[in-house]
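Colleague: So the chains spell out like this:
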Amino acid sequence: MGKKLCFRCNARSALLRRPKNGQPYCRECFYDAFETEIHTTIVESKLFVPGDRVAIGASGGKDSTVLAYVLKRLNDMYNYGIELFLLSVDEGITGYRDDSLETVKRNEQAYGIPLKIVSYQELYGWTMDAIVKEVGLKNNCTFCGVFRRQALDRGAALLGANKIVTGHNADDMAETVFMNILRGDAPRLQRCTNVVTGSSDTLPRCKPFKFTYEKEIVLYAYFQKLDYFSTECVYSPQAFRGHARAFLKDLEALRPSSIVDVIRAGEAIEVVEEVLQSTPNRCVRCGYLSSQSLCKACVLLEGLNRGLPQLGIGREAMKVQSELLASVAEPASAHPIASENTNDGDASASASVKAPKASRSARRAANRHQPHSEETLRKLARGREVTHVPEVDLQDALSW
Amino acid sequence: MCSVDEDEQIRAQQRLDQAHEAALAMADAAEPPPSTHGSDGQPRPNGASVSLAGAAAAGRGGASPARACVRCGQPSGVKTASQTFYCRSCFDIVMSKNTRLGVGQLQAPKGAGNKVLIACSGGPSSSLLAHTFIGLLHIDQATLSDDPKAAAASIERARSSKIFTTAGLVHIDESVLAHAFSLDAGSGKLSGDAERIAIAHAEREALSAAESTEATIRANLLTLAKRSDSPEWPLITARIEDVFGSGLVSGGGSVLLRVPPVNEVVLARETTEPSPAELIPSAASSSNRDKFLTMLAGVGSLSAREDLVRVLRLRLIVHIAKSRGYRYVAFGDSADRIAQNMISFVAQGRGASLAYDTSLLDARDPDAILGRPFRALALKDLALYARWSDVPSEEAPTLASGINLFRLWKSRYLLRVQQNDTTLPAIPDSVTPVPAWKLAFQQTAAASQSNQSSQQIAASISTLTEAFVNALQRDFTGTVSTVQRTSTKLVAVPPKDEERSCVICHGPIVRPVVFSSKPAPTLLTATASSEKPKEGGCGSGSGSNNSCACSTEPAASPIVPPSSSTSSCCSSSKSNANTVPTQAVLDATCYGCSVILRDVTSAGTLLPPMVAQEFARATSREHMRAEISEYLLSDDDDDGDD
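Residue numbers (numbering that gives the first Met the number 0), protein chains in the order written: chain A, 0 to 399; chain B, 0 to 641.
The shape of chain B in the complex, shown without the other chains:
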């Protein structure tokens, strides 16, 4: 039931839009006698219900008799995700209250001058979050006195009564991913010129679509940011490939020394458009792009690619927040998103950090506290309320949906090419050498031919989970809220030792309970086979004897350390003296990130410098610790040694 259906995949967005429209039409008609036609065109009695996310629910709801708004008794126009009926104005009131309550739950000390950065993907949920903050931070200018000094004082007073004094928007531009949509299209079995041309057309279309989507998102966010009455609400945009920027590497401690290469638009009230120059990528960006895409290409599976992008995006956002003095970062994760994450994170081995990743407040890092104020609100309700509140939204495709879009485009172009369609624009001959990352993609795709490339529909663990949760929600309403509430029962265990946090995602590293001194069983599978049968597996102490799991592990580690301080246990078998033994890297990552590393197929894959730097730091701390271990009095467990 949760195999990914093509129509589902490709038309998901479309359907959502249609549902939006239908809802809107409904709403407009709701105040005078309600419409008798629902979103699916079926005649309905008065007060027909509208369902956004679950199309099936809408179909079922159509049979229900007229329901009155539970709040005012008027004919209802909305059925919320929790099957409650409201009229439009009551829905607005309730949602306005709920969204504000959600933000109010971020229990920051009042008047502490807290700055909050709102992470905006451009989607309805995060855009609505920005909208909510704008409403909350609003200070009514009309009540201010004419005296500028007194006015300033009363603004100050008003602000000090609020949790957050000022906010900013951050958006991570992931249009670079469009390059990766065609990742396996050009590998191997090309049927001929026609297909090559079709691919070129589709690539062009993917890139231009990504660009225009980004432009729309940025315009939407600018529109939003300008609605704030405070002139200093910035919209900060950074490109995901900027994780490779040298500016992101911190100095010795946790202090960030250099300014990150991000584009920032500070909105003065009168500015209507950002000057184009501010949005042009820096010169370094194109090389960052190549590095980023090469990294992605080296990761063999779509799931691991998506997870890696997610982790790096989060780190980039946190970095931006810290370097700009924002102590809080707010995310627009809805209940649906939390439920999906609960499942997909578990599916990817991320149990240790699950409590943090789904919590209302993640205060592991006191300098960058992450909040998810909408975690209890259904996506359907949020999307509808965003629409009605005139909050613009536009979502960029994910890797998986982009790949599927790309395949659709490709097949369409192939048809046109085969029919000798003369209206097709000319494709410039590929004079430029093929970029390295493109070759890398093709190699990876050829190597893993058994897996994704042969599938009709590209599916990743996260798309699979999304389909699974949505299908369950359709059949068993209450699934999302139950799973979301499960997340509140989890407890976030702070890592015992500060050093034991993952160098990639900063999540806690929990050693497996059973195989405390052995590699994880998946590795064990590999090692049990490369070793003599009676041995359990490779002795897993970091860097001891080891014929470490190299034979089946990624051939080389995806990290090149900035310094040569690390010795390699496999240096004899490795030509490159700079590579770090895979086992050592695995020791410094949490289970979930080691799952990503396990899928690294290409030897030349490099993770961003900030990861490498952190690894070097962790390694040197580990060495220091080993050196002074006899003087340390703590009797806690020294796991990792065997």
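So that you can see chain A by itself, here it is in the shape it has in the complex:
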């Protein structure tokens, strides 16, 4: 057959077969197609406006490394006029995060993007290593996912960023669609395919890689010789998600477009109004956005600090919630986040979370105490039926 020519330019000889469509591409055309698609996603969904301060959730893994590289490149090429930051969360996982953070630090040098690291230790007083010692390997991802969600917001606030971008790719998103169907989580099913998530009160989280295949990211990193860290988290068993992931890989092997098809299907799905979120609320303890009176992080943290780590998980969560609510008559709390936030006046100017609000919402929540616990009861009742899956969206516990 001889040498294949690039499907796109039909001039240079092809170097690779594109995972998305199976066509032969040369290096230049692959770079260009890859970047153009991400650019299109950014432009079409109006992800950025000039002057945006954008924090890139950087784990040192392939997705976030390529994201940082490509965003910088596109920003220069198309004059987005945005300011980029790398934002890393140090969960305190020896043998995993410490190594990957080294990669991020190298990227900081290589791409000239300033880096900020926030750690669980400083935010919550716990490292994941310590948490795993307490809770074992069963529900540890619940803690990590919940804590990371807040940590990213805190870090972005410290950077004065107004947007967070994460490296969630098309595979992750398709997998999440399946996970939410399998878990019966209709509200998340509704919003998990949005390219921008987050309500008006939180920082918007954008996913420029929404339509970018994981395999193409690896290919791109490989040919661009990008430096990334590729080790699975030492604590992630993720049994259930592993099934969904394997299924998705099988689908992709059968029909490469499946991944995008799943995302398209997910976008078109509409969920009954009443199962959608209740009115967003604020945690009476730390002021973080929460559907309950207490945010999940506070509940989990309380359990940890009491030496009863299972408290925040499952049906016990209810009891803790009401106990804590009662104890939060006065909003002053020992929660490190709340105190940190009040101290840091600069950052909280643009931050989503402000301490004074907490007391107001505490009063509101106190008035609404009864309906809230009823709702919690219902939620827990629903949760019990789905006993085999954790309640928390583990999407953030993935690489980002």
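Hints were generated in silico from the structure; no laboratory data involved. For every residue, glycine included, the Cβ atom is placed at its ideal position computed from N, Cα and C. Treat the hints with care, since some could be wrong.
[Stated by the list, open to error] Okay, the calculated bits of chain B under chain A, using three or more residues with CB under 8 Å as the criterion:
no.	stretch
1	330-344
2	350-359
[To be verified] Some chain A residues judged to face chain B by a derived CB distance under 7 Å, without partners named:
no.	residue
3	Met76
4	Tyr77
5	Asp97
6	Leu100
7	Leu181
8	Ala185
9	Arg244
10	Arg263
11	Ala267
12	Glu269
13	Val271
[To be verified] Here are the simulated distance ranges between beta carbons:
no.	chain 1	residue 1	chain 2	residue 2	range
14	B	Leu206	A	Glu272	32 to 42 Å
15	B	Ala625	A	Glu27	34 to 44 Å
16	B	Arg620	A	Val48	33 to 43 Å
17	B	Glu210	A	Val233	53 to 63 Å
18	A	Lys3	B	Ala625	38 to 48 Å
19	A	Gly241	B	Val492	56 to 66 Å
20	A	Ala10	B	Asp474	35 to 45 Å
21	A	Ala10	B	Ala625	37 to 47 Å
22	B	Arg411	A	Gln223	46 to 56 Å
23	B	Val69	A	Pro186	42 to 52 Å
24	A	Gly111	B	Asp474	43 to 53 Å
25	A	Arg11	B	Gln417	46 to 56 Å
26	B	Val69	A	Glu272	48 to 58 Å
27	A	Glu272	B	Arg620	29 to 39 Å
Given chain A's structure and the hints, the job is docking chain B onto it.
Modeller: Frame of chain A; chain B shown alone:
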């Protein structure tokens, strides 16, 4: 874990049968002291549980101690899918109640003279549905008075109190698919005469097996239909290839003008067998068969083929229902089926119609309301109850399972041929010219050699999903019911504009949110490459400037319009003036059906006339709309224009 295992594939049916048998044996032994041997031959304590669908669950359940029936306290003989223990008689009572409740959920206005058509594949679930309807519509003849007039009046009264007054069975004969089982067997690398002979033998076996399966199914359904006390319960059978029948093309409006070419057997009480003449295919059928198979051959992937057959089957059933005055169509979809569909439809891009496709009642079309009364009931329980209620069932293989069966047969025959087995029947020399569809299959298979043909086991998205859901259900009981309940949380958004429903499946067309004016990203991938790099992709307005995605899209559209009203944007590059630009067709289909069209590899592939007609109608409506658009006051979004 969900790679398709050969044994799983081929022996799935066998295993189910064995489990049935075991369950039956168990049941018989259950009233006197229960058997001490379970389906897997392991000794078990009293009240051993039986698992039908999940063989692994049965294995695990074997270790459980004796459990009493939760209803009566007697030793139990059945463990339901939801891990509840019953004795046989309580199981019967509960299932009888549940199945009737399911049907009762089809909230049709009572006494409105509703006719319901029951779609029967022949499998346990749909057969049980027919059985349930028979029970519900039963009017006790013994209580009627001798006076025929009074009797008629009381029948009338009894009927008016029921949701449905009369029912019929419809079965779609898909034995034509057996021709497609060998689709890639004859392509390319034949090792020699032996293999060719083996293929011929296997083809013969596939066809005769399909025929006998169909005959069994039909006999089963006739048996069922005859159990009704009403003489006018018909069994309507149509062949799937009849979607190409000219009778299915409607006139200008939505009125169906001609009688569809279906075979109908109206059962009088005394008729024992339908006269053979009624089941002989019409003369048109064989040409329909060729058209149908040519169409299938033009679709490059097994998944798309299966999906297309599914969509067309549904449309055929709906057509039959409407033309015969049945306002309701009931399907036997079990919870397992709903869960599988939830996943596989999403995997195939069918998110917009997902709520309809999995709902209890799909009333989009007020003249043909689709119901799924068994959507909350586990297949395992349904199958067991069907067995115990003496409801016969037999399932025809799907495309994927048929292909795998075919490969098995082929390898067996190959062995016999190589060993010079003299007991093999002679294969007549192929004197007849090879039919066009067969060549088409071979071409398609050769073109897509990298994909299916090289795989040991043919897998489609639906078989993959089935394996996935079943495996999950084994490890996490509750998967099926959770997914099934997820489907109840979906909301069916009626299409804003009546015109915007898919010409192939009638599902709503939802424009992608992000790329509102651009083709879907998979197309974008293709177009971004055929265009200059800086351009996003082909301007996607229907039929404007366009160097439309022809280079990587199906070479020509699979629709030839009945009239030449449509202009082609690519006519310059196309020799055939009759073909419709692919982009225009894609604009008139929902995302899920565009996924099918994307897999169309052969230029000569034609979709059934009813699709073409609908496309022509949609196109002309679109033109009319464009013409009068300045006078329309509605300010809703005009997507599609850019």
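Colleague: Confirm or reject each hint.
Modeller: Going down the list of hints, with the structure as the test:
1. Under a criterion of three residues with beta carbons nearer than 8 Å to beta carbons of chain A, the stated coverage of the stretch 330-344 of chain B is upheld, 3 such residues being counted.
2. Three residues within the 8 Å Cβ limit are the bar, and the stretch 350-359 of chain B against chain A gives 4, so the coverage statement holds.
3. For methionine 76(A), the shortest C-beta to C-beta distance to chain B is roughly 11 Å, which exceeds 7 Å, and the interface hint is violated.
4. Hint status for tyrosine 77(A) relative to chain B: violated, with the closest Cβ pair at about 10 Å, above 7 Å.
5. Interface restraint check: aspartate 97(A) against chain B, minimum CB-CB distance 33 Å, threshold 7 Å, status violated.
6. For leucine 100(A), the interface hint is violated, since its Cβ never comes within 7 Å of a Cβ in chain B; the closest pair sits about 33 Å apart.
7. Contact between leucine 181(A) and chain B, as hinted, is supported at the beta carbon level, the nearest pair being about 6 Å apart and thus within 7 Å.
8. Nearest Cβ of chain B to the Cβ of alanine 185(A): about 4 Å, under the 7 Å cut. The hint holds.
9. With its C-beta approaching chain B no nearer than about 10 Å, arginine 244(A) sits outside the 7 Å limit, and its interface hint is violated.
10. The interface hint given for arginine 263(A) is met, as the beta carbon of that residue sits about 5 Å from the closest beta carbon of chain B, less than 7 Å.
11. Given hint, alanine 267(A) at the interface with chain B, holds; its Cβ is 4 Å from that chain's nearest Cβ, closer than 7 Å.
12. Annotation: interface hint on glutamate 269(A) holds; nearest CB of chain B at approximately 5 Å, less than 7 Å.
13. Annotation: interface hint on valine 271(A) holds; nearest CB of chain B at approximately 5 Å, less than 7 Å.
14. Range check, leucine 206(B) to glutamate 272(A): about 52 Å between beta-carbon atoms, so the 32 to 42 Å window is missed.
15. A C-beta distance of roughly 41 Å is found between alanine 625(B) and glutamate 27(A), which places it inside the suggested range of 34 to 44 Å.
16. Range check, arginine 620(B) to valine 48(A): about 40 Å between beta-carbon atoms, so the 33 to 43 Å window is met.
17. The hint said 53 to 63 Å for the Cβ distance between glutamate 210(B) and valine 233(A), and at roughly 59 Å that hint holds.
18. A C-beta distance of roughly 44 Å is found between lysine 3(A) and alanine 625(B), which places it inside the suggested range of 38 to 48 Å.
19. Roughly 33 Å separates the CB atoms of glycine 241(A) and valine 492(B), a value that falls outside the hinted 56 to 66 Å.
20. Distance hint for alanine 10(A) and aspartate 474(B): a CB-CB separation of about 51 Å, inconsistent with the stated range 35 to 45 Å.
21. Between alanine 10(A) and alanine 625(B), the C-beta spacing of about 41 Å keeps the proposed range 37 to 47 Å intact.
22. The given range of 46 to 56 Å is respected by arginine 411(B) and glutamine 223(A), whose C-beta atoms sit roughly 52 Å from each other.
23. Checked against the hint of 42 to 52 Å, the pair valine 69(B) and proline 186(A) fails, with Cβ atoms roughly 34 Å apart.
24. Between glycine 111(A) and aspartate 474(B) the CB atoms are about 48 Å apart, so this pair conforms to the stated range of 43 to 53 Å.
25. In this structure the hint that arginine 11(A) and glutamine 417(B) lie 46 to 56 Å apart at CB holds, the actual value being about 48 Å.
26. Roughly 37 Å separates the CB atoms of valine 69(B) and glutamate 272(A), a value that falls outside the hinted 48 to 58 Å.
27. For the pair glutamate 272(A) and arginine 620(B), the supplied restraint of 29 to 39 Å holds, since their beta-carbon distance comes to about 31 Å.
Hint check: violations occur at hints 3, 4, 5, 6, 9, 14, 19, 20, 23, 26; the rest are consistent with the structure.
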